[in-house]
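J.: In order, the protein sequences belong to chains A and B.
With our numbering, the residue at position 163 of the first sequence is 163, and numbering never jumps.
With our numbering, the residue at position 324 of the second sequence is 819, and numbering never jumps.
Keep in mind that a hint or two might mislead.
Said to hold, decoys possible - DSS-like cross-link-like pairs, simulated, lysine-lysine; straight-line CA separation at most 30 Å:
1. K387/A to K576/B
2. K594/B to K387/A
3. K594/B to K788/B
4. K522/B to K684/B
5. K783/B to K629/B
6. K576/B to K393/A
7. K897/B to K886/B
8. K891/B to K837/B
9. K594/B to K576/B
10. K363/A to K627/B
11. K363/A to K576/B
12. K953/B to K930/B
13. K576/B to K627/B
14. K594/B to K393/A
15. K522/B to K710/B
16. K886/B to K837/B
17. K289/A to K265/A
18. K522/B to K629/B
Hints listed in this document are in silico derivations from the structure and should not be mistaken for laboratory results.
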Amino acid sequence: MNDTRDLTNLTVTDALAALRSGELSCTELVRAFLERIERLEPRLHAFITLTPELALRQAAAADRQYTRARKSGESTPPLLGIPLAVKDLLALAGVRCTCGSRILDNFVPPYSATVVQRLLDAGVVVLGKTNTDEFAMGSSTENSAYGVTRNPWNVKHVPGGSSGGSAAAVAARMTPAALGTDTGGSVRQPASFCGVTGLKPTYGRVSRFGLVAYGSSLDTVGVFARTAADVALLFSHMAGFDPRDATSVDFPLPLPCLDGKTNLKDVRIGVPQEYFIEGIQPEVEGAVKAAITHLEKLGAVVLPISLPHTEYALPVYYLIAPAEASANLARYDGVRFGPRVEAENILDLFCNTRGQLFGAEVKRRIMLGTYALSAGYYDAYYGQAQKVRTLIKQDFEKAFELVDVIAAPVAPSTAFKIGEHADDPLAMYLEDIFTLPANLAGVPGLAFPVGFDYQGLPVGMQLMGAPFGEEMLLRLAHVYQQTTTWHLQTPTGVD
Amino acid sequence: MTEYEAVIGLETHIQLNTTTKIFCSCKADSWFDPPNSNICPVCSGLPGVLPVLNRAVVEKAVLLAAAMHAEIQTESCFDRKNYFYPDLPKGYQISQYDKPLARGGYLDLPLSDGSCRRVRIHKLHVEEDAGKTKNERGRRLIDFNRCGVPLVEMVTAPDLRSADEAAQYLIRLRQLLRWLGVSEADMEKAHLRCDANVSIRPKGADYLNPKTEIKNVNSIDAVRDAIAKEIERQIREVEAGRRIEAWTLEWDEDSGKLRKMRSKETEADYRYFREPDLLTLHIDDAWKNGILKNLPELPLERRQRFMEQYGLPEYDADLLTGERSLSEYFESAVKAYGGDPKRVSNWMMNDVMRMLNESSRTAAQLQLTPEHLAEILKLLDSGTINTSTAKGLLEKVDASGKAPATIVAEEGLAKVSDDSAIRRVCEEVLTENPKEVQSYKGGKVTLIGWFVGQVMRKMGGKADPSLARQILEELLR
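All chains should be built: construct the whole structure from the sequences, respecting the hints.
T.: Structure, rendered in structure tokens:
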């Protein structure tokens, strides 16, 4: 396999088979991706930090391990030699972790996130740390202090956010898979904008240790790949209880493999009326409805359902997430790590450091959250938001008594133009209206491509499941992908 | 002149003596360690790390709550208390706000007039400590060792009525903490910290006047002195027709003076909210009962029992229950001795406690066991040894760990009551000291004690002193 173009087209599943058989060396595979990154990075800017030396070192070690195993017959780690990109919000020991912020410009964590460590233990090779909106606050990757990432399908458009770097890198074949984080849609929306498959797991199913906190009660670690089968494989090595995360849940590990069955008989799909509202881009609605019809043809039962408190998800999210963020981001004070803006006294040191090194959106959310928690306002804002969050959660509980999965659009539109919402934070917040409820309820969500709009930009569909129902979502998406070709389309504009 | 009474409430912070910190596995106590040597990414608040609750903290706090007669909550929650300070790494302290570990409770203080003051607490909660900052040569230095050290906070109702009662409360609390083994409770090492809220009112009034808060008091004596000074000041102010303002005062140990730190015009807004990184703390019956299985009889209960069961005076009972291992020592010794408990008490208060004080040990650390003490008392009762031998024996047993009888046999310490042996030594003493014999005969009969002393010295303390005296008197006649 000398054609690098072919190698970067490999899915995780295919690459693993080729590596195991010895038909492909891990070094070849990693070089192919590094070369492609080198070629495309100037146009797309998907990465904040690249780790080619680390990747090649890991690849060489993986090759030795495969050679040894082929001689001795011993087994190899399940993902040995698979290249992976990691969102720059997740710690990888010894590698700079900026979170897209100047305030962590020089921060090198001495520890790895549990999810990163699990994947390293499973054998992955890390290509680099991907771009993100600063502290995951954004829906376009425009809020990164390290420049905007561009959508591989059309570089004038955003890749979505906040895990835009990871989504763009997978879509552009710079990596076969990437980790992202999802607090309000930050895996699903960029997956939809970039035409890849992205999973946001149940809250607590993947450890948050080493994930730099934004909204702690909403934060999850997700994964992007080109197929649901790849996502399922990676997810099976990410999930599981972690003694270092008190909110992680001890639940049986998901299966790494999906069966080839395409019969969806007995699967009940709920379609919530609240997600098909006025203002949604007609092509998005059309593609999602067509996908639902497709699943129905494969045997699924489609039922109209209602999630009546959906309209409150946006205000509830923009009270709870900023409130938690206002405390989570208090530690960036210039005292112990990161750059410091010196001053005469400690208060000015705090103010200068935070004032000069945080971006506008981060400061906006810190102020929102601080206000929502302040004496005299707590009950009306944060306290009330918590009550409504419970109602939203109950909406889902009731719905999952009737159906197995909920199908909906991921976002009201396809990828918008860079700068389109620059002066209108509210319009940007509206990008998340269909993804926020799953975070508030803690349920899993999966986004995958189901079509294109007139500009040739991908349209995604979202499946939401009951808590710990990831396998059901992945199975449906897998069956869909076995019988359609949307996920096989590649962005040609970048080559 | 109006007679005033003080109204005092104490806010105490107690450092629990767990091996590790409250949310990470760093060593908790850093008293002897260099700055920033017991820290990790969790307690120094690096990005992306998470707290995990140390169960030992909960267990010690539950034990204390039960001993304070507080109601242990089956569900309690952790909250973030937000404020910026350089020694607070996360920018918030993980504490408990509206759902504390325990509610209610009290500590009874026996007062000198025989009555008892019940000091109530509203709630008891656990939290993490912050670090320490100090200014040195124009630089601000921070030691994060203390970050994440487990604390219990208890605030009393304004139930104390004098500086002395406030000191008594701390003495009784310290006794209880050590008794339970939940804290070293050393105020000088900040294991036990106290801020005092003080106001005055005409004696017998039922309203509360504006109070001042005294901070930075590092010993029980300092608490007593600072409160006494503040009561005097408030009386002076009121007598002069001035109003008491809600100041925060700082105690300056060196000058023995209170200094105004700040006016308390507005309450700080800590923007408390639930800590999303920790789950609700459930203390079910099984866990609670498992912890309370280890709840010992409390000091005041034991004090009362010692008076009733052993007929000890209040003074003895109080002293012997001052520390748990001492009280256990006493009971074991009484049991082994089988005789008069008051006799055991006397020996303990006079001799054993002196040995403890001189070597700063607790009763549990003595090599001289309660059984040894009982044996020595029995040897004394049977006339085998005399009192001075017995006293010397205490030290010898403690130093060697050997049984008293063994030492008596090895060193030939048994009392000599052989008339002729003593008579021979007495004659020697009189021959060797003709001047003293003359004085005695000249009327200075008090010299008899000196002669006895000489005989005892020559015989290595083994002679029966009353027999020696009898023989000496006879020879000198």
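J.: Take the C-alpha atoms of K576/B and K627/B, compute the straight-line distance between them, and say whether it is at most 30 Å.
T.: Measuring from Cα to Cα gives roughly 18 Å; hence the hint holds.
J.: Please verify whether K594/B and K576/B have alpha carbons no more than 30 Å apart.
T.: It holds: about 14 Å lies between the C-alpha atoms, which stays within 30 Å.
J.: For a C-alpha distance cap of 30 Å, please report whether K522/B and K629/B respect it.
T.: Given pair K522/B, K629/B holds - Cα atoms ~22 Å apart, limit 30 Å.
J.: Is it true that the CA of K387/A sits at most 30 Å from the CA of K576/B?
T.: This hinted pair holds, its Cα atoms lying about 21 Å apart.
J.: Holds or violated: K953/B and K930/B, Cα atoms, limit 30 Å.
T.: 19 Å, holds
J.: Given the hint that K522/B pairs with K684/B, test it: the Cα-Cα distance must not exceed 30 Å.
T.: Cα-Cα ~16 Å, so holds.
J.: When you check the alpha-carbon spacing of K783/B and K629/B, does it fall within 30 Å?
T.: Cα-Cα ~41 Å, so violated.
J.: Is the Cα-Cα distance between K594/B and K393/A 30 Å or less?
T.: The hint holds at about 23 Å.
J.: Does the structure keep K289/A and K265/A at a Cα separation of 30 Å or less?
T.: With Cα atoms ~19 Å apart, K289/A and K265/A stay inside 30 Å; holds.
J.: Would you mind confirming whether the straight-line C-alpha gap from K594/B to K788/B stays at or under 30 Å?
T.: 25 Å, holds
J.: Against the 30 Å threshold, does the CA-CA distance of K522/B and K710/B hold or violate the hint?
T.: Satisfied, since the Cα-Cα distance of roughly 28 Å is no more than 30 Å.
J.: Can you confirm whether the C-alpha distance between K897/B and K886/B stays at or below 30 Å?
T.: At roughly 15 Å apart (the allowed maximum being 30 Å), K886/B and K897/B satisfy the hint.
Of the numbered hints given earlier, the model fails hint 5 alone.
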